[in-house]
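Working from the sequences, and respecting the hints, build out all of it.
In case you want the letters, here they are:
Number of protein chains: 2
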Amino acid sequence: MSGEMFGDEVDIKARLRAAEVMYKKFHRLISDVIKGRPPKLEIPKRTLSNTIFDPERGILVIGEEKLEREFLNVGESRRFMQTLLMASIIYQSLIENEYPTIRDLYYKGKHTIVYRDYTGRKREENTWDEQKESDSVIQDIEVYTGLFREDMLILSKEKGKVVGNMRIRSGGDVIDLSKLGHGAYAIEPTPDLIEFLDVDAEFVLVVEKDAVFQQLHRAGFWKKYKALLVTGSGQPDRATRRFVRRLHEELNLPVYIITDSDPYGWYIYSVYKVGSITLSYESERLATPKAKFLGVQMTDIFGYRGKKPYLSEAERKKFMIKATDKDVKRAKELLNYSWIGKNRRWNVEIRLFLKHLVKLEIEAIASKGLKFFAHQYIPEKIETGDWID
Amino acid sequence: MSGEMFGDEVDIKARLRAAEVMYKKFHRLISDVIKGRPPKLEIPKRTLSNTIFDPERGILVIGEEKLEREFLNVGESRRFMQTLLMASIIYQSLIENEYPTIRDLYYKGKHTIVYRDYTGRKREENTWDEQKESDSVIQDIEVYTGLFREDMLILSKEKGKVVGNMRIRSGGDVIDLSKLGHGAYAIEPTPDLIEFLDVDAEFVLVVEKDAVFQQLHRAGFWKKYKALLVTGSGQPDRATRRFVRRLHEELNLPVYIITDSDPYGWYIYSVYKVGSITLSYESERLATPKAKFLGVQMTDIFGYRGKKPYLSEAERKKFMIKATDKDVKRAKELLNYSWIGKNRRWNVEIRLFLKHLVKLEIEAIASKGLKFFAHQYIPEKIETGDWID
Chain A
1 MSGEMFGDEV
11 DIKARLRAAE
21 VMYKKFHRLI
31 SDVIKGRPPK
41 LEIPKRTLSN
51 TIFDPERGIL
61 VIGEEKLERE
71 FLNVGESRRF
81 MQTLLMASII
91 YQSLIENEYP
101 TIRDLYYKGK
111 HTIVYRDYTG
121 RKREENTWDE
131 QKESDSVIQD
141 IEVYTGLFRE
151 DMLILSKEKG
161 KVVGNMRIRS
171 GGDVIDLSKL
181 GHGAYAIEPT
191 PDLIEFLDVD
201 AEFVLVVEKD
211 AVFQQLHRAG
221 FWKKYKALLV
231 TGSGQPDRAT
241 RRFVRRLHEE
251 LNLPVYIITD
261 SDPYGWYIYS
271 VYKVGSITLS
281 YESERLATPK
291 AKFLGVQMTD
301 IFGYRGKKPY
311 LSEAERKKFM
321 IKATDKDVKR
331 AKELLNYSWI
341 GKNRRWNVEI
351 RLFLKHLVKL
361 EIEAIASKGL
371 KFFAHQYIPE
381 KIETGDWID
Chain B
1 MSGEMFGDEV
11 DIKARLRAAE
21 VMYKKFHRLI
31 SDVIKGRPPK
41 LEIPKRTLSN
51 TIFDPERGIL
61 VIGEEKLERE
71 FLNVGESRRF
81 MQTLLMASII
91 YQSLIENEYP
101 TIRDLYYKGK
111 HTIVYRDYTG
121 RKREENTWDE
131 QKESDSVIQD
141 IEVYTGLFRE
151 DMLILSKEKG
161 KVVGNMRIRS
171 GGDVIDLSKL
181 GHGAYAIEPT
191 PDLIEFLDVD
201 AEFVLVVEKD
211 AVFQQLHRAG
221 FWKKYKALLV
231 TGSGQPDRAT
241 RRFVRRLHEE
251 LNLPVYIITD
261 SDPYGWYIYS
271 VYKVGSITLS
281 YESERLATPK
291 AKFLGVQMTD
301 IFGYRGKKPY
311 LSEAERKKFM
321 IKATDKDVKR
331 AKELLNYSWI
341 GKNRRWNVEI
351 RLFLKHLVKL
361 EIEAIASKGL
371 KFFAHQYIPE
381 KIETGDWID
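Those sequence lines, one after another, are chains A and B. When we follow full-length UniProt numbering, the leftmost residue of the first sequence carries the number 1, and every step to the right adds one. When we follow full-length UniProt numbering, the leftmost residue of the second sequence carries the number 1, and every step to the right adds one.
Among the clues, some could well be false.
[As the list claims (entries may be wrong)] Across the chosen pairs, the derived CB separations fall in these ranges:
1) B/Glu70 - A/Leu335: 51 to 57 angstroms
2) A/Lys308 - B/Glu70: 44 to 50 angstroms
3) A/Asp129 - B/Glu195: 48 to 54 angstroms
4) A/Phe71 - B/His356: 37 to 43 angstroms
5) A/Pro309 - B/Val328: 51 to 57 angstroms
6) A/Leu251 - B/Lys322: 46 to 52 angstroms
7) A/Leu251 - B/Arg344: 56 to 62 angstroms
[As the list claims (entries may be wrong)] Derived BS3-like pairs: lysine-lysine, alpha-carbon spacing no greater than 30 angstroms straight-line:
8) B/Lys223 - A/Lys157
9) B/Lys179 - A/Lys157
10) A/Lys179 - B/Lys224
11) B/Lys223 - A/Lys13
12) B/Lys13 - A/Lys224
13) A/Lys290 - B/Lys159
14) B/Lys45 - B/Lys35
15) A/Lys157 - B/Lys157
16) A/Lys223 - A/Lys157
17) B/Lys226 - A/Lys13
18) A/Lys326 - B/Lys159
19) A/Lys381 - B/Lys110
20) A/Lys308 - B/Lys110
21) A/Lys317 - B/Lys122
22) A/Lys122 - B/Lys317
23) B/Lys159 - A/Lys292
24) A/Lys317 - B/Lys157
25) A/Lys329 - B/Lys132
Hints in this document: simulated from the structure, not taken from any laboratory. Beta carbons: idealized from backbone N, C-alpha and C, even for Gly.
This is the structure we're talking about:
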């Protein structure tokens, strides 16, 4: 069979690396058994209490607490066995050149074990019932091995796109991200396998919404202002976040983020910046703690002290949307996040929101004219440092 | 200002073309007024009763019925004015090199008209309240002018992706769709502006799900079988549908579609094939009536007469998901669509579904092994003609 069927060299190297780590990490269990010790896994806890905001690095990280999973413990043996089952499926996929998705892994492992209990009665037990269960096992394997699922060539649905003055290498091809016409480069599920070749850009601009990305792209924004233009199409997936983080870290580029001016948009910014709360162990590689919130800010709408608003009274009336109870609840939750609640400018933002109880979409700014949005609003805010850190 | 700020030459030409059509279509109203005739718009009706399935062409089309919108008619003047307001905003956007989205157009036109009625009382009237209203006006303008919103450089969120042995020209750039590494080409919002340069492919494979697209891409499917691989990430947007249609029509390539084996997946296939019911006027350019449903078929799961199932009894037990009441309702609705209800093989499919009351995801097939899925299931079905027309 041709080599193409097994993916390219980049993938093969990644497979070998991941398979080796998995082998080492799980081989210990065999030594345990041989030495007569009860086999046991020590896995960092993925609980909220073990999720810590590291102010120095500015990201959420997983703490020191670990849980033990023993085979010879009735309360833990099910999860112990699930973990080994999943690890063996992933390992098998690695060496057999498969590219499973997390949904595949759920299906691959799903079966019913029929056995007789100590009374001789026939019993049945499912390996897992729902994908939630198998996903959680994959997460355990990620924190246990220190490998991300992407490192294990587990693929997923991807929504991220990029254009800009940059060339990258992916899977053996060189792609010029400035030569994609009206289209864009759809970011791959394994962004760590991308090689950055050369770049002529001064900053990264991440826009929440794909339609706004299309507009800025078409208006030539990235060419004129030397930007790398990225969208995650709403709540960003892991690959988009990792890609943005790498642009920041390896190319030393500032990252500006534009979302709707509402608690949902602010949370999207927060996910890019510090990571998601439920999966803090990812943040170490996915978060971009220095990402700046460029807008749309409440102070862009209402002004604040010396700052002149970008919208007139009439435009405010025209564009603003009433906040819902859910928005208000969410805004108050955001204040509880220390990286927001303790930030003076975020306090101003959220106080303005709670005072006026209105929100605003990016499109409202763009509807004042794409020229205004692309060639005044954004560059002026970057120029004058009008962002929230 | 640099030319980049106004989009490329391709866009400028498209703008001029659309502006000219709009000018001609709406200029009539001025002649009406000059000649003392009450200004009136004749717009093809976008109602269900005026939606016809054309069996010859195999698509849904808009019928002959037209509605008249007169300015001097109390019941119609509001919509008449809305139509002219929207047309003028779109025209303005065209000549001012804007790239609005439908959301922008909603915002641009949204305002309150204050006036005094015949009794001298002050009254207020909003141009429109919700985007649903302004969207519907845009659709009227589409059917009235024969221009699609894409022709008028109205942009939108895009989800479609493509890879394969093909080169295209978009916005002045030449893009080689076979040199995108692990990533893909994100299809632009205006696919009619894409120029097909050269192609070395034998068919188009459309997969419903992005994650499955990623898997087949990574497994080198399109290289080995000379396919253009496309995904619309679920319910396809207009650009993806138009792109697929153009691949079929202009390159003469057969189009095979793979979705989940459930009523939702079947409907996605139906949208690619005949168009969506609510927007039948689009079908003339968006639908691909010869698109074939490759799978996942119920007969792939259960077999049928001479056909051997692809799944064993154990695999069926493992992979199948119980259908919900909503699924059943939807399946019965599908039988009412003549292009499904009158098709013998679709009848077999849906009867099997209603008999077993189970559904199956593409991932279940892929989890049998990507090699099985990519290098046996798909090519074998294409080879033996095991699809539904």
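Now for the hints, and whether the structure bears them out:
no.	hint	in the structure
1	B/Glu70 - A/Leu335: 51 to 57 angstroms	holds, 55 angstroms
2	A/Lys308 - B/Glu70: 44 to 50 angstroms	holds, 46 angstroms
3	A/Asp129 - B/Glu195: 48 to 54 angstroms	holds, 51 angstroms
4	A/Phe71 - B/His356: 37 to 43 angstroms	holds, 39 angstroms
5	A/Pro309 - B/Val328: 51 to 57 angstroms	holds, 54 angstroms
6	A/Leu251 - B/Lys322: 46 to 52 angstroms	holds, 50 angstroms
7	A/Leu251 - B/Arg344: 56 to 62 angstroms	holds, 59 angstroms
8	B/Lys223 - A/Lys157	holds, 21 angstroms
9	B/Lys179 - A/Lys157	holds, 20 angstroms
10	A/Lys179 - B/Lys224	holds, 26 angstroms
11	B/Lys223 - A/Lys13	holds, 21 angstroms
12	B/Lys13 - A/Lys224	holds, 22 angstroms
13	A/Lys290 - B/Lys159	holds, 29 angstroms
14	B/Lys45 - B/Lys35	holds, 27 angstroms
15	A/Lys157 - B/Lys157	holds, 17 angstroms
16	A/Lys223 - A/Lys157	holds, 29 angstroms
17	B/Lys226 - A/Lys13	holds, 26 angstroms
18	A/Lys326 - B/Lys159	holds, 28 angstroms
19	A/Lys381 - B/Lys110	holds, 27 angstroms
20	A/Lys308 - B/Lys110	holds, 24 angstroms
21	A/Lys317 - B/Lys122	holds, 19 angstroms
22	A/Lys122 - B/Lys317	holds, 19 angstroms
23	B/Lys159 - A/Lys292	holds, 27 angstroms
24	A/Lys317 - B/Lys157	holds, 26 angstroms
25	A/Lys329 - B/Lys132	holds, 27 angstroms
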